[in-house]
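Asker: Heads up: the protein sequence lines correspond to chains D and U, in order. Converting from the first sequence to my numbering requires adding 37 to each position, the first position being numbered 1. Converting from the second sequence to my numbering requires adding 37 to each position, the first position being numbered 1.
Because the hints were derived from the structure by calculation, they are not lab data. Treat the hints with care, since some could be wrong.
Same chains, same label: a pair holds when it works inside one copy or across any pair of copies.
Calculated lysine-lysine pairs in the DSSO-like style (CA-CA distance at most 30 Å, straight line) [to be verified]:
{"no.": "1", "residue 1": "K259", "residue 2": "K207"}
{"no.": "2", "residue 1": "K231", "residue 2": "K322"}
{"no.": "3", "residue 1": "K43", "residue 2": "K329"}
{"no.": "4", "residue 1": "K63", "residue 2": "K329"}
{"no.": "5", "residue 1": "K43", "residue 2": "K266"}
{"no.": "6", "residue 1": "K195", "residue 2": "K63"}
{"no.": "7", "residue 1": "K288", "residue 2": "K182"}
{"no.": "8", "residue 1": "K187", "residue 2": "K270"}
{"no.": "9", "residue 1": "K322", "residue 2": "K74"}
{"no.": "10", "residue 1": "K111", "residue 2": "K259"}
{"no.": "11", "residue 1": "K187", "residue 2": "K207"}
{"no.": "12", "residue 1": "K111", "residue 2": "K322"}
{"no.": "13", "residue 1": "K74", "residue 2": "K111"}
{"no.": "14", "residue 1": "K267", "residue 2": "K74"}
{"no.": "15", "residue 1": "K259", "residue 2": "K285"}
{"no.": "16", "residue 1": "K74", "residue 2": "K329"}
{"no.": "17", "residue 1": "K259", "residue 2": "K231"}
{"no.": "18", "residue 1": "K267", "residue 2": "K231"}
Protein chains: 2
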Amino acid sequence: MEKISKEEIADWFRGLQNSICTSLEKLDGRSTFKEDKWIRQQGGGGRSRVIKNGHLIEKGGVNFSAVSGPTPDKILQALNLSETDFFATGVSIVLHPNNPWVPIIHMNVRYFEMSNGVWWFGGGIDLTPHVVIPEKAKTFHQLLKSTCDKHDPSFYIKFKEWADDYFFIKHRDETRGIGGIFFDRLTESGGKSKEEYWNFVNDVGETFIPAYTDAVDELRDKAYSEEDKKWQKIRRGRYVEFNLVHDKGTKFGLDTNGRTESILMSLPPEANWEYDHVPETVLQKETLEFLKKGIDWIE
Amino acid sequence: MEKISKEEIADWFRGLQNSICTSLEKLDGRSTFKEDKWIRQQGGGGRSRVIKNGHLIEKGGVNFSAVSGPTPDKILQALNLSETDFFATGVSIVLHPNNPWVPIIHMNVRYFEMSNGVWWFGGGIDLTPHVVIPEKAKTFHQLLKSTCDKHDPSFYIKFKEWADDYFFIKHRDETRGIGGIFFDRLTESGGKSKEEYWNFVNDVGETFIPAYTDAVDELRDKAYSEEDKKWQKIRRGRYVEFNLVHDKGTKFGLDTNGRTESILMSLPPEANWEYDHVPETVLQKETLEFLKKGIDWIE
């Protein structure tokens, strides 16, 4: 059997972007995506799709890209390689809701290969509630676990821990949210074939809509106060801090002259900073207690 | 004559913080500074002073610190040195105004020395107007030039160019604002004595209040529209991007476990991001044209 090709992978990601956008428009019920097609000078391009002022989603993006060309020096250095060509394709999503009870969600699924034969998959889904509701965190993690368990009993624990470590705001000593799963450099040395990892990445991509549908359920129309909204903007500030200071994907994109508007679609519509802000309500205080590594949400 | 000591330098900076806060409270006319004293576990500490919801200033900080201890590894590596102790002291200011016609201002003056005898001064003042008004930019640069010219005819050109290079948002291909002056590692090898550089840094510190007073003059009460306010929040987003992605001072502070709330006092009260935002008015469009390196504001 022929191994799956980079063209087939990119095609599948393109289809995933389509189906997720269709589902999100239905879920939102008001706004639709606007598309920007872009071409990368050194090779490839993408389709950025953004949505704003929706009923559910205040600002969001569902981006597809498939880029190629000489491998950026930063990667060559990191891998201790000399000149190669590369191909990278994937789908990235960040959704900022209107309602502060609804979490911010992020998903990324990606494939990378080089002309020297090296290839890998990466990705993950994670949730950043402005206010953590443990029962909702539990069903989110359960869903991710059941996706992982279909492929390998070790995946969930490993990738959940990886998310805790990755989505960590070191200068605040807090996690970005309640985590989820994160994985990178999945390749044959990990013990599975390319097809097996690809099937797993497919399943992760298809878990996004059920996971988000559940995450917003019973919260999207929940009443909120001015105080809740203020807290949301402070938490969005932390999201900005993570993405601009710590996120390796953002840093890599900006360092390698990626398309700035597509990379920074992850930033919220509005974020606030207040010197030494302290939580004002019990739920806000509890939320900070939940922003720690190593919490077992499922037990 | 004895060389000026680190204690004398720190004392002068403490006094500068006091006098600037007093002047700013007078200029603001409504709010006053709140002080947080903090102690650094490894040595030294600081006095963070913040002001908010003023008549002129929506959010601002005037921070003094004098810290000491083993030199952070990042500095040792950069200088290719083995273990030493260090002492660093300085005053940092960022003021975000209410009125979008009024620029954001930043100043820093600092002194650094190590137990091996190495020492240097650094600092600068720069302006980030939300809307660039060339005549105001001119008087700002003229004032900085006259401060520089009192000490060396080469300073202004050199330090103005340094500011253009330093306050550059690479991923946006635009400068943060209209620049000003920036300098670092001023030490004897630069051709002047410690006293001479110290006198220059004193003069820079004392230029802050006249520079800001002029920068806000005739603008602080200028009427503005909702559109102007929206533009201000977009520009504040760019300020956040510079400070979190590119600013070496911020990065160094966060990397070396500095006091997060004091470092991030530079962030605006409220910043917005809109996908692919384009300027809506002539003045906004012109502003983007002015955010370039190498503009001679004085000629």
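Asker: Look at each hint and say if it fits the structure.
Answerer: Hints, one by one, checked against the model:
1. K259 to K207: Result: close neither inside a copy nor across copies, 32 Å intra and 41 Å inter.
2. K231 to K322: For K231 and K322, neither the intra-copy (44 Å) nor the inter-copy (50 Å) Cα distance is at most 30 Å.
3. K43 to K329: neither (38 Å within a copy, 41 Å between copies)
4. K63 to K329: neither (34 Å within a copy, 44 Å between copies)
5. K43 to K266: neither (44 Å within a copy, 47 Å between copies)
6. K195 to K63: neither (34 Å within a copy, 58 Å between copies)
7. K288 to K182: within (29 Å within a copy, 36 Å between copies)
8. K187 to K270: Result: close neither inside a copy nor across copies, 38 Å intra and 46 Å inter.
9. K322 to K74: between (43 Å within a copy, 24 Å between copies)
10. K111 to K259: neither (46 Å within a copy, 48 Å between copies)
11. K187 to K207: neither (33 Å within a copy, 44 Å between copies)
12. K111 to K322: neither (41 Å within a copy, 35 Å between copies)
13. K74 to K111: Within one copy only: 26 Å inside, 42 Å across.
14. K267 to K74: Between copies only: 27 Å across, 35 Å inside.
15. K259 to K285: For K259 and K285, the Cα distance exceeds 30 Å both inside one copy (34 Å) and across copies (42 Å).
16. K74 to K329: between (39 Å within a copy, 28 Å between copies)
17. K259 to K231: Intra 44 Å, inter 63 Å, cutoff 30 Å: neither.
18. K267 to K231: neither (46 Å within a copy, 49 Å between copies)
Hints 1, 2, 3, 4, 5, 6, 8, 10, 11, 12, 15, 17, 18 from the earlier list are contradicted by this structure; the remaining hints agree with it.
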